[in-house]
Amino acid sequence: MKEDFVAGAIFAGGESSRFGSPKINALIDSEEFGFRIARSMRESGIDQILLVGGSEVDAVRWSLTFVADEVFGAGPFAALLAAIHNSDAPILLTMPCDVPWIDIESCKRLSAIDEEFDVQVAVTDSPQWLSSSWRRSALQHLEQQFASGERAIHRAVIGLKVNYLQLPPDALRNVNTPNDLI
49 MKEDFVAGAI FAGGESSRFG SPKINALIDS EEFGFRIARS MRESGIDQIL LVGGSEVDAV
109 RWSLTFVADE VFGAGPFAAL LAAIHNSDAP ILLTMPCDVP WIDIESCKRL SAIDEEFDVQ
169 VAVTDSPQWL SSSWRRSALQ HLEQQFASGE RAIHRAVIGL KVNYLQLPPD ALRNVNTPND
229 LI
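At position 16 of the sequence shown (counting the first as 1) the number is 64 in the numbering used here, and the numbers step up by one without a gap.
Hints in this document: simulated from the structure, not taken from any laboratory.
The beta carbon of each residue, even a glycine, is placed where N, CA and C say it ideally should be.
Treat the hints with caution; some may be incorrect.
List time: in silico SDA-like cross-link candidates among lysine to any residue, alpha-carbon distance up to 25 Å [claimed, not checked]:
#	residue 1	residue 2
1	156	194
2	209	108
3	156	222
4	156	124
So the derived label-pair ranges between C-beta atoms look like this [unchecked claim]:
#	residue 1	residue 2	range
5	184	227	31 to 41 Å
6	195	230	20 to 30 Å
7	192	53	36 to 46 Å
8	198	174	13 to 23 Å
9	78	162	31 to 41 Å
10	192	76	32 to 42 Å
11	75	209	32 to 42 Å
12	133	230	30 to 40 Å
Working from the sequences, and respecting the hints, build out all of it.
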């Protein structure tokens with residue numbers, strides 16, 4: 049396997065209670081959020097993309113690999129672990145399903161993690177922990193944190209070498225409610 053091989057993961061779990069329906073299927077210019085995110089990842093050079101949580105039907109429609117939640121209801125940290133467990137890539141680029149404007153260049157920059165770091169996290173006005181790149185070598189540390197009861201990614205990384213990468217706010221514009229699309 050190539051040392052710089054990067055896989056991708058789109059997190060589609062959660063109930064979308066503020067949005068009212070699964071965000072991954074919401075539309076912008078007649079394209080579903082999940083399709084748009086996967087396209088940006090693919091066009092940045094990522095061939096293997098996992099859909100963690102959500103619908104297996106969506107994964108098939110978008111030619112993604114479906115990964116069921118390993119620990120249902122345990123949040124994004126559990127989704128991150130499920131993604132790493134289901135990919136053998138040395139680097140995993142993760143995105144939440146509610147950033148439909150993520151662009152190719154941002155995916156490229158975020159997935160180009162320097163070898164001295166375990167994690168690279170996108171920053172706009174604050175760290176965007178779900179928009180990040182993870183070295184597979186961080187897996188044991190993350191598993192230990194999860195086993196000890198930690199559920200917050202930003203606390204689970206204590207002890208890892210983290211790089212914060214400033215990205216354009218528009219690329220990571222988050223959609224929480226239908227009004228965020230206006």
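Results for each hint:
1. 156 <-> 194: Violated - the C-alpha atoms of residue 194 and residue 156 are around 29 Å apart, more than 25 Å.
2. 209 <-> 108: 35 Å, violated
3. 156 <-> 222: Holds, at about 19 Å.
4. 156 <-> 124: Given that 25 Å is the threshold and the Cα spacing comes to 22 Å, the pair holds.
5. 184 <-> 227: 31 to 41 Å: This hint holds: roughly 39 Å between Cβ atoms.
6. 195 <-> 230: 20 to 30 Å: 43 Å, violated
7. 192 <-> 53: 36 to 46 Å: Taking Cβ atoms as reference, residue 192 and residue 53 lie about 25 Å apart, which means the hint is violated.
8. 198 <-> 174: 13 to 23 Å: 20 Å, holds
9. 78 <-> 162: 31 to 41 Å: The hinted range 31 to 41 Å holds for residue 78 and residue 162, with Cβ atoms some 38 Å apart.
10. 192 <-> 76: 32 to 42 Å: Since the Cβ atoms of residue 192 and residue 76 sit about 39 Å apart, the hinted range of 32 to 42 Å holds.
11. 75 <-> 209: 32 to 42 Å: The hinted range 32 to 42 Å holds for residue 75 and residue 209, with Cβ atoms some 39 Å apart.
12. 133 <-> 230: 30 to 40 Å: Once the Cβ atoms are compared, 38 Å apart, the range 30 to 40 Å for residue 230 and residue 133 holds.
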